[in-house]
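Chemist: Now for the letters of each chain:
2 protein chains.
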Amino acid sequence: MANKVTKKKPASVATEPKPICSSPLALDYNNLTSKALGSTGLTTSDLNTIDKELAKATKDFFDRRKKGELPFADLPTDPDIPKQCLKFAKKNRKKFQTVVVLGIGGSALGAKAVYTAIEPKWNRSSKKAWPKLIVTDNIDPEGFSAVLDELDLSTTCFNVISKSGATAETMTQFMLAHERLQKKLGRGKAREHLLVTTDSQNGVLRKLVNSNGYMSFPIPAGVGGRFSVLTAVGLAPLAMAGVDITELLNGARIAQDDFNKPGNIAALFAGLNWLLTTGKKRGSLVMMPYSDALSKVSDWFAQLWNESLGKAHHADGREIGSVKTAREASSDWYGQLLKGAGNAVKEDFHSGTGQTAIKALGVTDQHSQLQLYMEGPQDKTVCFLGVESFRVDVTVPSIFGEHQELQYLGGHTLGEILNFERLGTARALAENGRPNLSLTMPIVSPSSVGYLLQTLMLATVVSGALAGINALDQPGVELSKKFTYGLIGREGFSEMSERYNKKLVADRKYIVEAGE
Amino acid sequence: MANKVTKKKPASVATEPKPICSSPLALDYNNLTSKALGSTGLTTSDLNTIDKELAKATKDFFDRRKKGELPFADLPTDPDIPKQCLKFAKKNRKKFQTVVVLGIGGSALGAKAVYTAIEPKWNRSSKKAWPKLIVTDNIDPEGFSAVLDELDLSTTCFNVISKSGATAETMTQFMLAHERLQKKLGRGKAREHLLVTTDSQNGVLRKLVNSNGYMSFPIPAGVGGRFSVLTAVGLAPLAMAGVDITELLNGARIAQDDFNKPGNIAALFAGLNWLLTTGKKRGSLVMMPYSDALSKVSDWFAQLWNESLGKAHHADGREIGSVKTAREASSDWYGQLLKGAGNAVKEDFHSGTGQTAIKALGVTDQHSQLQLYMEGPQDKTVCFLGVESFRVDVTVPSIFGEHQELQYLGGHTLGEILNFERLGTARALAENGRPNLSLTMPIVSPSSVGYLLQTLMLATVVSGALAGINALDQPGVELSKKFTYGLIGREGFSEMSERYNKKLVADRKYIVEAGE
Numbered sequence: 002m003a004n005k006v007t008k009k010k011p012a013s014v015a016t017e018p019k020p021i022c023s024s025p026l027a028l029d030y031n032n033l034t035s036k037a038l039g040s041t042g043l044t045t046s047d048l049n050t051i052d053k054e055l056a057k058a059t060k061d062f063f064d065r066r067k068k069g070e071l072p073f074a075d076l077p078t079d080p081d082i083p084k085q086c087l088k089f090a091k092k093n094r095k096k097f098q099t100v101v102v103l104g105i106g107g108s109a110l111g112a113k114a115v116y117t118a119i120e121p122k123w124n125r126s127s128k129k130a131w132p133k134l135i136v137t138d139n140i141d142p143e144g145f146s147a148v149l150d151e152l153d154l155s156t157t158c159f160n161v162i163s164k165s166g167a168t169a170e171t172m173t174q175f176m177l178a179h180e181r182l183q184k185k186l187g188r189g190k191a192r193e194h195l196l197v198t199t200d201s202q203n204g205v206l207r208k209l210v211n212s213n214g215y216m217s218f219p220i221p222a223g224v225g226g227r228f229s230v231l232t233a234v235g236l237a238p239l240a241m242a243g244v245d246i247t248e249l250l251n252g253a254r255i256a257q258d259d260f261n262k263p264g265n266i267a268a269l270f271a272g273l274n275w276l277l278t279t280g281k282k283r284g285s286l287v288m289m290p291y292s293d294a295l296s297k298v299s300d301w302f303a304q305l306w307n308e309s310l311g312k313a314h315h316a317d318g319r320e321i322g323s324v325k326t327a328r329e330a331s332s333d334w335y336g337q338l339l340k341g342a343g344n345a346v347k348e349d350f351h352s353g354t355g356q357t358a359i360k361a362l363g364v365t366d367q368h369s370q371l372q373l374y375m376e377g378p379q380d381k382t383v384c385f386l387g388v389e390s391f392r393v394d395v396t397v398p399s400i401f402g403e404h405q406e407l408q409y410l411g412g413h414t415l416g417e418i419l420n421f422e423r424l425g426t427a428r429a430l431a432e433n434g435r436p437n438l439s440l441t442m443p444i445v446s447p448s449s450v451g452y453l454l455q456t457l458m459l460a461t462v463v464s465g466a467l468a469g470i471n472a473l474d475q476p477g478v479e480l481s482k483k484f485t486y487g488l489i490g491r492e493g494f495s496e497m498s499e500r501y502n503k504k505l506v507a508d509r510k511y512i513v514e515a516g517e
Numbered sequence: 002m003a004n005k006v007t008k009k010k011p012a013s014v015a016t017e018p019k020p021i022c023s024s025p026l027a028l029d030y031n032n033l034t035s036k037a038l039g040s041t042g043l044t045t046s047d048l049n050t051i052d053k054e055l056a057k058a059t060k061d062f063f064d065r066r067k068k069g070e071l072p073f074a075d076l077p078t079d080p081d082i083p084k085q086c087l088k089f090a091k092k093n094r095k096k097f098q099t100v101v102v103l104g105i106g107g108s109a110l111g112a113k114a115v116y117t118a119i120e121p122k123w124n125r126s127s128k129k130a131w132p133k134l135i136v137t138d139n140i141d142p143e144g145f146s147a148v149l150d151e152l153d154l155s156t157t158c159f160n161v162i163s164k165s166g167a168t169a170e171t172m173t174q175f176m177l178a179h180e181r182l183q184k185k186l187g188r189g190k191a192r193e194h195l196l197v198t199t200d201s202q203n204g205v206l207r208k209l210v211n212s213n214g215y216m217s218f219p220i221p222a223g224v225g226g227r228f229s230v231l232t233a234v235g236l237a238p239l240a241m242a243g244v245d246i247t248e249l250l251n252g253a254r255i256a257q258d259d260f261n262k263p264g265n266i267a268a269l270f271a272g273l274n275w276l277l278t279t280g281k282k283r284g285s286l287v288m289m290p291y292s293d294a295l296s297k298v299s300d301w302f303a304q305l306w307n308e309s310l311g312k313a314h315h316a317d318g319r320e321i322g323s324v325k326t327a328r329e330a331s332s333d334w335y336g337q338l339l340k341g342a343g344n345a346v347k348e349d350f351h352s353g354t355g356q357t358a359i360k361a362l363g364v365t366d367q368h369s370q371l372q373l374y375m376e377g378p379q380d381k382t383v384c385f386l387g388v389e390s391f392r393v394d395v396t397v398p399s400i401f402g403e404h405q406e407l408q409y410l411g412g413h414t415l416g417e418i419l420n421f422e423r424l425g426t427a428r429a430l431a432e433n434g435r436p437n438l439s440l441t442m443p444i445v446s447p448s449s450v451g452y453l454l455q456t457l458m459l460a461t462v463v464s465g466a467l468a469g470i471n472a473l474d475q476p477g478v479e480l481s482k483k484f485t486y487g488l489i490g491r492e493g494f495s496e497m498s499e500r501y502n503k504k505l506v507a508d509r510k511y512i513v514e515a516g517e
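Residue numbers (the numbering used here), protein chains in the order written: chain A, 2 to 517; chain B, 2 to 517.
By construction, these hints were calculated from the structure, which means they are not laboratory data. It cannot be assumed that every hint is accurate.
As the list makes no split between identical chains, a pair holds if one copy fits it or if it spans any two.
[What the hints assert, rightly or not] Below, a list of computed lysine-lysine pairs in the DSBU-like style, where the Cα atoms sit at most 30 Å apart:
| # | residue 1 | residue 2 |
| --- | --- | --- |
| 1 | K262 | K60 |
| 2 | K190 | K503 |
| 3 | K185 | K208 |
| 4 | K53 | K510 |
| 5 | K510 | K60 |
| 6 | K483 | K36 |
| 7 | K36 | K95 |
| 8 | K262 | K510 |
| 9 | K185 | K96 |
| 10 | K96 | K36 |
| 11 | K95 | K208 |
| 12 | K208 | K133 |
With the rest of the complex left out, here is chain A:
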């Protein structure tokens, strides 16, 4: 399916998203094999090692799930959360023209990815009955105040999302929005414009819900931000904005079912990337949709993959990447490179494990990144994310026919040309010995997107098991938060600001100003 050259289709207006077909997703990894690539490719013997490793990793997954450590896997079949979100949307959506998500990272990226996919511009005019969704994911004063300034507050619902209730960025957004609402609408009315999604028991936001009576949703225990798109974190704003969350969940459920079958896409995706990272030094994975609608799926994936797999310690607490561990390790994602690299680099690397997912967009980044992917260091894999049919397509007119250089374009649809670019690029990379793989869906629909997201979440946890790390934590982000608290002057963090202000590392010698 994925590699086939499709015949020319007639020009068309909007194509209704089809119900999920027998194959909502296909993975084509021909361009990873030594048959396609030569010495940089995976051999049959390489590929044969996957099964054994995946059997262990999958067992680890099911063991953890049994222990209740992977509740994200149960979300596609949870009957209550979507029911509540739909009920909420039905009751409230008529009151609002805009829903603004106040959140950052995992509280923002899932809704943004799905909304961009399902409610893109092409479909805007037909959906006027539904509120528009804005996802604010930064605290830039210029950007955030511009968003606030342009809102009609009387028809805006702010959905504050933070599991802990302590996220500094989200809480500042909330405090600013709250102040504006109160000024504009008065204390009593303001409350009706706030929806809080947070932990069911703990944290300041839950306390504020309890004392102020905000509308609220709980975030289930054990589901971290980057795995939360199918909780109320994603489903509530998406339901308000008219996304068919039932079909989204339906696609995710099929992906979860498929995960029980041997050789499923999720496990294979993890296994192939594990082979590429350990055996082929592919430290980076470029996620490159050829579809504007799927452009934010790369952002969501980059958090999922990078925050889950970039780790300094094994699940059992041993440090990764110390010289000793690197020598011992034979299945670490990065241990292999450390081992292979030998004496020359040993001292320099106090290095953890992980593969860097890089966001890209086809065909745009072909004109920006392809030179590097074709000729630069052999340190990446490109994952194409393709769409077979577009919901709207347009035919290039057969004009300027007197110019031979333009004749070939007329009569083709943009969708065809975009897909030919994708196929041509995949092949060119392969002929240059550059490994790449393709995920392809028949058309962007709630169910095909649900299938894709759940597949990638499953692949991430399996990848963690292959690397011997815990994909669900993020211990490395704490130090930065503490320094920030210290600098802002939060009570209890004065030692961090003192530590920050130590002269040691602010030598004027290493600061150069323009014109010096």
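With the hints as your guide, set chain B onto chain A.
Modeler: Just chain B, lined up with the frame of chain A:
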């Protein structure tokens, strides 16, 4: 300047961009030194090697400039191009409410970066007299037709930009826009809504200008797409949209002047990244503005850096990364790693040179990527791009004071908090042995952005000289284009479609469908 903790500022409304001050940019590289980082940092002895290498590379730059090979360096002082663009804007801007750039890659990214910086949302309301700028940089049928559908064609100017006139994506955009214009306005009127920016002599677009009498600008010979922001490619649409291109050029001119001084930021930026890549295995450079306004500068930079430096051949034609060359080379960006890596990886690497610039955005990606940057493989450097003052700032209200966890936020401005996040993150990375550097500008203004862009273009060419490659070409993108031509059915490329369709690399065994 860059590392200083600033005092609390009062809440403010819009701050007028100041005229360029004595220091439009500062580079702080304390967090690259071994003093800050320990064993992963650059030692004084490392740093001492830069001067000699930079002297050679800078000589190479000036030699090439003398030969006329680097005309981009003359653009900031070119009197004619900006004059023509301003004249054009003055004459035409009242006729149009929207300017749509039809272009891709280097024809799109410069205008997008500057427009996002200078005409962001916060300033929108005050600029109603100027046309809005839309930069289309893809041919996704859903996305592109949505843009077309929403335009009022009677007040839209399409600026078609392609140096060769043969860029398939741009020409399809053009053909579609042309058809719509003719249908709506008739043949004669349609012409007045088209501005063509292309080579002064050659290519189909120039022929069409000559035969149809479109308004047009030339692209100077020898200036490639990624170095073209200060030609009419960037200046014409920016002038139409009300950006002060005189100040933009003024900033660039100062950067070009500063480049003549030893130890300037451009050369140092190149030298430091060269040391990090060759000596410290930093294959990736994360460009991370903490400013929504500068968010598209990373996209522009990622093309500039990656397409310029990702190369398989030396400037003299020798292949990079073959085992023999890798052994010989001592100053290749990647040769050092190949050499260090020894036998274990030799066979796998037929690898070019180059450092992968990765786009990121603070504080957003702190909540998405920081875990990986803190704990993952020691293969990256982070370059923070900071702004000391924001043009609009807002103060977080002191509400919810009864909750200790929120008290510290009230009274601070968003801009302060954003900058504390940047400083805290830089320090946290450094304490974890992760190299990072900071570019800081006083405020986003046309001149400070001009300074930044010219500095980064200069740094890129110097980096190419350090690596012994030609930063101005992109031979690696041709094969993909040829395959695409073959697949679309362009005359003369049938052998490419035959080559594509060879069964060899489309083994059904390596395609997995959902549910299999």
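Chemist: Compare the structure with each hint and give your call.
Modeler: Verification of the hints:
no., hint, result
1, K262 to K60, "within (13 Å within a copy, 62 Å between copies)"
2, K190 to K503, "neither (48 Å within a copy, 67 Å between copies)"
3, K185 to K208, "within (24 Å within a copy, 58 Å between copies)"
4, K53 to K510, "between (55 Å within a copy, 19 Å between copies)"
5, K510 to K60, "between (55 Å within a copy, 25 Å between copies)"
6, K483 to K36, "between (51 Å within a copy, 22 Å between copies)"
7, K36 to K95, "neither (57 Å within a copy, 60 Å between copies)"
8, K262 to K510, "between (60 Å within a copy, 17 Å between copies)"
9, K185 to K96, "within (16 Å within a copy, 38 Å between copies)"
10, K96 to K36, "neither (59 Å within a copy, 58 Å between copies)"
11, K95 to K208, "within (28 Å within a copy, 55 Å between copies)"
12, K208 to K133, "within (29 Å within a copy, 45 Å between copies)"
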